[in-house]
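Student: As a plain string of letters, each chain reads:
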Amino acid sequence: MTTKASKFEWPTNDIVWAIRDYKLIIGEYDYQENKITSLVASELEGTDELQIHYEAKSAKFTTDINLSPEYPSQFHDGIMYKVLEQLSVKAGDANKASYYRAEYQNCVNMAKKYINESKDGTNYVITQHSF
Amino acid sequence: MKQKEMIEMIQQDYPDIGETQIRAMLNRAMDKFSEETKGLLQKTAKMAPVADKRRYSFSDFTGITDSEEVLKVTRVDFNNKPVKRFIGNIDLTDTDPS
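Taken in sequence, the protein lines are chains A and B.
The working numbering puts the last residue of the first sequence at 131; the count rises by one with no breaks.
The working numbering puts the last residue of the second sequence at 229; the count rises by one with no breaks.
Careful: at least some of the hints might be erroneous.
Which bits of chain B does chain A cover? Going by a derived footprint, with three or more residues having C-beta under 8 Å, they are [as the list claims (entries may be wrong)]:
{"id": "1", "segment": "133-143"}
{"id": "2", "segment": "150-163"}
{"id": "3", "segment": "171-182"}
{"id": "4", "segment": "187-195"}
{"id": "5", "segment": "198-206"}
Below, in silico cross-link-like pairs of lysine to any residue (SDA-like), each with a Cα-Cα straight-line distance of 25 Å or less [said to hold, decoys possible]:
{"id": "6", "chain 1": "B", "residue 1": "Lys215", "chain 2": "A", "residue 2": "Thr63"}
{"id": "7", "chain 1": "B", "residue 1": "Lys169", "chain 2": "A", "residue 2": "Thr47"}
{"id": "8", "chain 1": "A", "residue 1": "Lys23", "chain 2": "B", "residue 2": "Lys135"}
{"id": "9", "chain 1": "A", "residue 1": "Lys4", "chain 2": "A", "residue 2": "Ile25"}
{"id": "10", "chain 1": "B", "residue 1": "Lys133", "chain 2": "B", "residue 2": "Glu167"}
{"id": "11", "chain 1": "A", "residue 1": "Lys112", "chain 2": "B", "residue 2": "Lys212"}
{"id": "12", "chain 1": "B", "residue 1": "Lys135", "chain 2": "A", "residue 2": "Glu70"}
{"id": "13", "chain 1": "B", "residue 1": "Lys169", "chain 2": "B", "residue 2": "Glu199"}
{"id": "14", "chain 1": "B", "residue 1": "Lys177", "chain 2": "A", "residue 2": "Gln32"}
{"id": "15", "chain 1": "B", "residue 1": "Lys212", "chain 2": "B", "residue 2": "Asp191"}
{"id": "16", "chain 1": "A", "residue 1": "Lys112", "chain 2": "B", "residue 2": "Asp162"}
{"id": "17", "chain 1": "B", "residue 1": "Lys177", "chain 2": "B", "residue 2": "Arg154"}
In short, the hints are calculated from the structure, not lab data.
Being a predicted model, the structure only gives us computed values, none of them experimental.
Cβ atoms here follow ideal geometry from the backbone N, Cα and C, with glycine treated the same way.
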C-alpha cells in the first residue's frame, strides 16, 4: 500500500526541494537511484498544499498611479532618489547626482539595518545554511 | 508614497520628463533597490502539488505573476511542515516529463 506524502515521517528526507534553472524542484528522494522523483497520484491527497517562503522584489509600477511600493514607507524615498540621481547625471549636474547618490545609499543602509533588526529592538538574525 | 507623488516630485526638478519614462526609471530603481536589500520584502505563496510533476515555475504559485519576483527561496513547506533542501547534485538529464 502506498504511503501518502502527508504521512511521511516529519521532518523527513523523503520529500526534498531544490532550485534548478530558476524552477522549484520538489519531489521524493529515491535512495536507490540517488535522484529526485515526482510524487505520484496515489501519494497525494486533495488537501495537500505546497508553500514557499521567499525574498521578493516589489511589484512593478503600472499605469495605476495610486499604487505604492511594497516596501515599508520609510524606504520609498530611496527609489525616487535613484531616479533623480540618474536624471542629474544626464543633465550633467554632478553635484546633484552626488547628493542623490548619497541619499539613495543612506536608504539602502537603513534598509539593511532594518532587515537585521527584529521588532523588539534587538539585532540578531538566524541565518539558514545553504549548501 | 504613491507613484503619483513620486512622479510629481521628480517632475518638479525635471518637468520635461514624461510619466511613462519616469515609471520605467522607477521600476528599474526598485529592481536595483530589491537586489541591494534582499530580505526587506518577504512573502509566501501556495499551490496544490501536481502528481507526476516535480518542476514548478514560481508563477505556478498563487499570487506570483512573474517568476522574476522571487529573489531567493528560504523555505518550502508541505502541509505546513518544513521540507529539507536537497544538497546533492541533480542529474543533468533530469527534465520533468510534464
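Student: Which of the listed hints are broken here?
Tutor: 6, 7, 8, 11, 14 and 17
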